[in-house]
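Student: When you get a sec, could you build the whole thing from the sequences and use the hints?
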Amino acid sequence: MDVFIELFGLPKEIIKSERISLPLTGGMVVRDAFSYLKNRYPAVPLEQAPFLVTVNSEIASMDSLLKAGDTVCFLPHIGGG
Amino acid sequence: MKVIKQFEYKPADVVGGYTDRILRVDMGTREIKIQQLPADFKTKYTGGRGYAIKLIWDETRAETRYDSPENILIMANGPLGNEPGFPGTGKFIAGTISPLTDTFIDSNVGGHFGPLLKLAGFDALAISGKSDEDLILIIDADAGSVSLTAVDKDSQPDEGALSFGEKLLKEAGKGIFSDNLAAVVAGEGAVNARFGILNSLYYDRRRNRIRSKQAGRGGTGTVMRAKGLSGVVVKSSRPKANGNNAIDKNLVREAGTKLKDTINKYDPVQLNLEAWGTTGLSEYMNKFHILPINNYQYGQSPAAPGIFAGVFLDKYFSKKMPDGCYYGCNLACAKGVENFVLQGGPRAGKTVSVDGPEYETVGAVTNMGIFDPQFVLEYNWYCDEYSLDTISTGVVIGFFMECFERGYLSTEDTGYELRFGNIESVEKILREIVHGRGFGKIAGQGIARGKKWVAQKYAARTGVSEESVLLEINKFAMEAKGLEFSMYVTKESLAQQGGYGFSLKGPQHDEAWLIFIDQVHKELPTFELKASALKWFPLIRTWFNATGLCKLPWIDVRNPEAAKTSEPAKNIPSLAYYVDYLNGTTGSKKTLQDVLDDSERLQLLQKLINLRQGKGTRSSDQIPWRAVGPVYMNEYHARTEYYEEWLKQNLKGAALPPTDEERHKLLMKKRLEAFSELCDHVYARKGYNSEAVPRRETVKKFDLLDEQADRLLSRFGE
Chain A
1 MDVFIELFGL PKEIIKSERI SLPLTGGMVV RDAFSYLKNR YPAVPLEQAP FLVTVNSEIA
61 SMDSLLKAGD TVCFLPHIGG G
Chain B
1 MKVIKQFEYK PADVVGGYTD RILRVDMGTR EIKIQQLPAD FKTKYTGGRG YAIKLIWDET
61 RAETRYDSPE NILIMANGPL GNEPGFPGTG KFIAGTISPL TDTFIDSNVG GHFGPLLKLA
121 GFDALAISGK SDEDLILIID ADAGSVSLTA VDKDSQPDEG ALSFGEKLLK EAGKGIFSDN
181 LAAVVAGEGA VNARFGILNS LYYDRRRNRI RSKQAGRGGT GTVMRAKGLS GVVVKSSRPK
241 ANGNNAIDKN LVREAGTKLK DTINKYDPVQ LNLEAWGTTG LSEYMNKFHI LPINNYQYGQ
301 SPAAPGIFAG VFLDKYFSKK MPDGCYYGCN LACAKGVENF VLQGGPRAGK TVSVDGPEYE
361 TVGAVTNMGI FDPQFVLEYN WYCDEYSLDT ISTGVVIGFF MECFERGYLS TEDTGYELRF
421 GNIESVEKIL REIVHGRGFG KIAGQGIARG KKWVAQKYAA RTGVSEESVL LEINKFAMEA
481 KGLEFSMYVT KESLAQQGGY GFSLKGPQHD EAWLIFIDQV HKELPTFELK ASALKWFPLI
541 RTWFNATGLC KLPWIDVRNP EAAKTSEPAK NIPSLAYYVD YLNGTTGSKK TLQDVLDDSE
601 RLQLLQKLIN LRQGKGTRSS DQIPWRAVGP VYMNEYHART EYYEEWLKQN LKGAALPPTD
661 EERHKLLMKK RLEAFSELCD HVYARKGYNS EAVPRRETVK KFDLLDEQAD RLLSRFGE
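Taken in order, these protein sequences are the chains called A and B.
Everything in the first sequence is counted per this note's numbering, starting at 1 for the first residue and increasing by one.
Everything in the second sequence is counted per this note's numbering, starting at 1 for the first residue and increasing by one.
By construction, these hints were calculated from the structure, which means they are not laboratory data.
No false leads were slipped in.
Each computed DSSO-like pair below joins lysine-lysine, with the alpha-carbon atoms no more than 30 Å apart:
| hint | chain 1 | residue 1 | chain 2 | residue 2 |
| --- | --- | --- | --- | --- |
| 1 | B | Lys-522 | A | Lys-12 |
| 2 | B | Lys-564 | A | Lys-38 |
| 3 | A | Lys-38 | B | Lys-258 |
| 4 | B | Lys-287 | A | Lys-16 |
| 5 | B | Lys-265 | A | Lys-38 |
| 6 | B | Lys-551 | A | Lys-12 |
| 7 | A | Lys-16 | B | Lys-315 |
| 8 | B | Lys-260 | A | Lys-12 |
| 9 | B | Lys-287 | A | Lys-12 |
| 10 | A | Lys-12 | B | Lys-315 |
| 11 | B | Lys-287 | A | Lys-38 |
| 12 | B | Lys-265 | A | Lys-12 |
| 13 | A | Lys-16 | B | Lys-319 |
| 14 | B | Lys-564 | A | Lys-12 |
| 15 | B | Lys-570 | A | Lys-38 |
| 16 | A | Lys-16 | B | Lys-265 |
| 17 | B | Lys-319 | A | Lys-12 |
Computed from a predicted model, the values in this text were never measured in an experiment.
Tutor: As structure tokens, this is what we get:
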């Protein structure tokens, strides 16, 4: 039973992968997935700028509860050209 | 070069960002003169787009078309352009009556031309009249002359705009490229298509080559060539540092430092535009079903990773190169490719430099069903060289591809199979558009005109009425007001449907790009919030176009301080730097609200032009069905889950119809109703009546009720 983190932009370039999986634990929230990513890939500069969280393409928060198969994204803000 | 007409002048000094002079050139009479602006002109019309709107309002008529002698092509920078101490100050706008929309269009473009025009002593260049022979305009501030010259027989713009411009710049520099020189040129595509562009050429010292940026939208290049003007060269050796002669240099320096620091610190960990340029957007657009594919039928494709930023960065972009299109811009998003060998088209085998691609060009290619990065770069280069808008070209071809695949066009009409994903047929139609031959002659007229031709042909072939054919193909004809859509699929964002529908120039995203804050962030859940954003964002974005500034350093680098504000998407902390920069440059004491008010005046005046030109009422704001939702079942089935969920929410507990076909029908009904309701909210918020006509008191409030406005409003019952 896993959850997934889908990667874009710089994190994808650093990790060299479009998606990583992590085992789901009881009561796991987005913040736990974020800590996992940060600890495993310290070079990923996630905390240095504001970002947006989605779970299964829907806006979410760091406290959103995760379930098996969920896909989490940490996205930059995009304002358009 | 043979001089046809020469005019001598003493370049005016720039004071507080302005010269208060417009260079007027009549191509018909060859008259060259300087228009001295009254003191209150800049106060009321700001600069850039504002100046262009005012000239078009005063000096053209309802009957004026793009090729009328009285049409004016205005190129103008703005008071805040030309400051290496502040990021993104190389923009100028080209404004005119568009060949596509028959109303005012402005298209902004980077490079050195705008700043150098100002350093040559002019806030704007306004070209009217028509010449029966192709001429070049040379503004040489160092020599104190403005000349109209003949085009050399051995250097013709129709052989390729980029090489033509390079030759002009080399000749003007007496054999040496210089950053004191810049040019604007348009090639053969701009003669034969309504969506011809202006290439803005400048010398990049670091790359040691001439680079180009494009004023792409609305056919400004077509207007230039219709006037018999092939190129404009501007030269000034005046120092660029403090070129605006700012009133409060310290305030300018402080504001510039703050914005540069924000960019330095946060762009690399956000969109990383400095490394990827705007191609970085493709993967996010694909993720959220926004990347246009096969004429906007879909917003996502498994083939899309083939054209993501990483591909261009790894295989093509020249790396670690500072790429600001003007000095001092550390966002530096103007990516480029050197030593690129063309594999297709008439110049196959030639090694060229490509400036781009931007996200919009990538989206134009996916819209034709192609996911080949080599082709993206080739398409980019050929469109620039021929002087065609990559956006309109990709949307036009995508539309005709769908007409072909759905049987509305046959090989008898086109001469060949025109199917999604077929690079060979795209190369063929591109050449035909450029030369005005074969089916390309029809395609070069744009979708608004081309769809009528399709309806006629199909009606003649099948006996079906022309009106009913047009009614059907209108649903996927991706234009509004005559302009082709830019590269965002709006089916899942009502706010962006409005962003395109209410855009005064037609569906181009630079007036309102709300798709992410609406569709992804879900920050605009109500009609009121959508309407509020659809008023606010076009105002601030118009101000950027009026002042000579690029928007990206503001809108695409989120200042962390914005999170502490009530509306983070507005990025107000960074905007505060811009207001300081304005006040430091011009000596004004404006607030952000003053800036928005200045901009509202310009928006209103542009709205009045639209009204006069027949593009200003509610009917002109309507967008094709495909911009609102899925036209056909293949589109519906690509997002069934999303559409059913949307329908459930909007039915408020009522049961869904039993079949997919019935659900689809109901979905479209509800979505069209929602767009109509949005119109009501937005018009009320903007001070318009329900037919989108500005109320008399609104026009009066901004001191725009002149005789022409008075007559116009009376005609529309206001």
